[in-house]
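Put together the whole structure using the sequences plus the hints.
All the letters of the sequence shown, read from the start, carry residue numbers -7 to 134 under the working numbering.
Derived by calculation from the structure, the hints in this document are not laboratory data.
Treat the hints loosely; a few may be bogus.
[What the hints assert, rightly or not] Heads up, simulated EDC-like pairs for lysine to aspartate or glutamate below, C-alpha to C-alpha not over 16 Å straight-line: (1) Lys82 <-> Glu116; (2) Lys42 <-> Asp120; (3) Lys23 <-> Glu46; (4) Lys42 <-> Asp76; (5) Lys109 <-> Asp80; (6) Lys109 <-> Glu123; (7) Lys101 <-> Asp88; (8) Lys67 <-> Glu113; (9) Lys101 <-> Asp76; (10) Lys130 <-> Glu116; (11) Lys51 <-> Asp20; (12) Lys82 <-> Glu123; (13) Lys103 <-> Glu116; (14) Lys82 <-> Glu98; (15) Lys130 <-> Asp76; (16) Lys51 <-> Glu29; (17) Lys103 <-> Glu123; (18) Lys101 <-> Glu116.
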Amino acid sequence: MNQCWLSKRAYSTIRKQHRICYRMNILDNLKERGLSETCIIVSDGLKGLKEAIENVYPKAMHITCTVHMIRNAAKYVSHSMKSDFLRDLKNIYGADNWESAKHSFEYLKNKWGGSNKRAVEVVERAMDNIEKLFSFSKALRH
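Structure, rendered in structure tokens:
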């Protein structure tokens, strides 16, 4: 009996390539239907989508949806602390400018980093995306 065994790494690579290919097919379909260029693509954090966007729409800015980031961070915060945490989080993405947003993040990190480390890590990973938002007017960010 002939069997083929894939290492975890090889399997992971194949899955990643499959995801990227699937996402590229969706974007290619949009291009074929007339969406030749786009400036901004806002999406959830689907794996492979960022790479697909870079291939199909290389000039487009990709931003992960703020609502998805908030939900991902909030799921690590206990119910009793959630409203306070979300208020502090809103001060980041609702800031008037990027400098204020960075200061608000430092405040959140110092206040919540001990008791809600995973939630803070989610926000920290999203800071690059949040920074991109500040290239737009406040009216467009909300």
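The hints, checked one at a time:
no. : hint              : verdict
1   : Lys82 <-> Glu116  : holds (14 Å)
2   : Lys42 <-> Asp120  : holds (14 Å)
3   : Lys23 <-> Glu46   : holds (14 Å)
4   : Lys42 <-> Asp76   : violated (32 Å)
5   : Lys109 <-> Asp80  : holds (15 Å)
6   : Lys109 <-> Glu123 : violated (21 Å)
7   : Lys101 <-> Asp88  : violated (19 Å)
8   : Lys67 <-> Glu113  : holds (12 Å)
9   : Lys101 <-> Asp76  : holds (13 Å)
10  : Lys130 <-> Glu116 : violated (21 Å)
11  : Lys51 <-> Asp20   : holds (15 Å)
12  : Lys82 <-> Glu123  : holds (14 Å)
13  : Lys103 <-> Glu116 : holds (14 Å)
14  : Lys82 <-> Glu98   : holds (13 Å)
15  : Lys130 <-> Asp76  : violated (23 Å)
16  : Lys51 <-> Glu29   : holds (8 Å)
17  : Lys103 <-> Glu123 : violated (21 Å)
18  : Lys101 <-> Glu116 : holds (9 Å)
Checked against the numbered hints listed earlier, the structure breaks hints 4, 6, 7, 10, 15 and 17; every other hint is satisfied.
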